[in-house]
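**Q** Residues per chain are reported as follows:
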Amino acid sequence: MKFVDEFRDADLGRVLAGQIVATVEPGRHYKVMEVCGGHTHTIYKYGVDDLLPANVELVHGPGCPVCVIPMGRVDDAIAVARRPEVIFTCFGDMLRVPGSGGTLLDAKAEGADVRMVYSPLDALRIAKQNPDSDIVFFAIGFETTAPSTALTLLRARAEGVANFLCFCNHVTIVPPLRALLESPDLRLDGFIGPGHVSTVVGARPFEFIPKDYGKPIVISGFEPLDLLQSVYMVLRQLAESRCEVENQYTRVVPYDGNPRALEALAEVFELRPHFEWRGLGFISQSGLKLAPAFQAFDAELRYPVPGIRVADPKACQCGEVLKGVIKPWECKVFGTACTPERPIGTCMVSSEGACAAYYNYGRFARERQVV
Amino acid sequence: MNPTSREPVCRTDPGCITCSDQGMVMRVAEIRGEDGFAACTDAAGALSEVQIDLVEPVNVGDSLLVHAGVALVHLGQAEAGS
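Protein chains in written order, with this note's numbering: chain A, 1282 to 1652; chain B, 496 to 577.
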């Protein structure tokens, strides 16, 4: 398929791997963070890290939208879902994310009307088909899924669908990157920037990384050759003592993003003063809520929600994994008490989560090495 | 599911929106009137409805990058037979 096959070519992959080896300084250890969970998934699925020299380490970042939702917000979602007048809709993976008292799937088993949807537009359709119920959509994700929620809310308002509500948990990518760069736990040499978030926001919002922190960032596509080329571009910047925003994913990402999507986001949402991220804590102006003009659609204003901050289970180290401080296999419960079938932490739930990606693919290569 | 299986819990070739944040390249199969939707096919040929407001104008055969039912990027006219 166009845009896919040509970016999985093994011969080209070997050429890029050779260029990477020729670019690194022997004796120097490089830490490059891939921000997006989609990149983490590709790296493990295709064994991209197996092609890198031992002194180039890929660190997994906080860009999996399911993984960063804190337990307290899941509890809030379940409280709304249990209301008799509510049909609660969400993406599939959020059904399995544990709150302090179970998951949305558990709530469904106990009688709550919880339904999986593929897009908020599906939820709007359910709202039109069920005028006597309130249909709440659990909105999560970065700037890639936020436009979908925004367009749905604009459509709901235009069509007068008053029983469609949004439990908004959308987040933005730049504040957590700044928080990571300020973190004393982590020394990073550069970033692989999120490809699909950048289709919306463009490359400009990442300019602070080279300007304020002196680190290179390369916006990358999601195929294995995209990732290899992006790692090479980061290393080449370091070798040439440059730091700038480069765009490897030019076939998809325009430098200025999608202005129509940004306009829709600006109309429908506004920034929250603070939002809690799993593992990263509260980050200023990192979450979105509905703008005053859309308050009639805001589930948090319609229903009381507990709004209690819940600490992660003690055994779970998703926080450290999300900050790139530890690798998935270094977590005490990885692959034993915590598996994709019975996840304790969010990173094991979504296929984009570092733990699930490593569990599904990476551990086999590691097991071979250990044996 | 067998815990030793190499298959992921959620397939993502090339994308799975149940994971909520996977983009998919889709091809426009039919433009649905004036309401901002198009019927699009994914790599496996499955048909779904996609909102195209953010990337209009589009034509049948064009490739789009789609997230959660909304096209975010117009990738251009697909090559014949690709």
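Hints in this document: simulated from the structure, not taken from any laboratory.
Predicted model, so just to flag it, every value in this text is computed and none were measured.
Built from N, CA and C at the ideal position, the CB exists for glycine as well.
Some clues are possibly wrong.
[To be verified] Only some residues are given here: those of chain A computed to face chain B with a beta carbon under 8 Å:
id, residue
1, 1399
2, 1400
3, 1402
4, 1425
5, 1477
6, 1480
7, 1506
8, 1539
9, 1541
**Q** Look at each hint and say if it fits the structure.
**A** Going down the list of hints, with the structure as the test:
1. Interface hint status for residue 1399 of chain A: upheld, as the beta-carbon distance to the closest one in chain B is roughly 5 Å, under 8 Å.
2. The interface hint given for residue 1400 of chain A holds, since its Cβ lies 3 Å from the closest Cβ of chain B, which is under the 8 Å cut-off.
3. A cut of 8 Å between beta carbons decides the hint on residue 1402 of chain A: the least distance to chain B is about 5 Å, and the hint holds.
4. With 8 Å as the threshold, the beta carbon of residue 1425 of chain A comes within range of chain B, its nearest partner Cβ sitting at about 5 Å, so the hint holds.
5. For the restraint placing residue 1477 of chain A at the interface with chain B, the shortest Cβ-Cβ distance is roughly 5 Å, inside the 8 Å limit, so the hint holds.
6. A cut of 8 Å between beta carbons decides the hint on residue 1480 of chain A: the least distance to chain B is about 5 Å, and the hint holds.
7. A least Cβ separation of about 14 Å between residue 1506 of chain A and chain B goes past the 8 Å threshold, and the interface hint is therefore violated.
8. Of the supplied interface hints, the one on residue 1539 of chain A holds, with its beta-carbon coming within about 6 Å of a beta-carbon of chain B, less than 8 Å.
9. Contact between residue 1541 of chain A and chain B, as hinted, is supported at the beta carbon level, the nearest pair being about 5 Å apart and thus within 8 Å.
Of the numbered hints given earlier, the model fails hint 7 alone.
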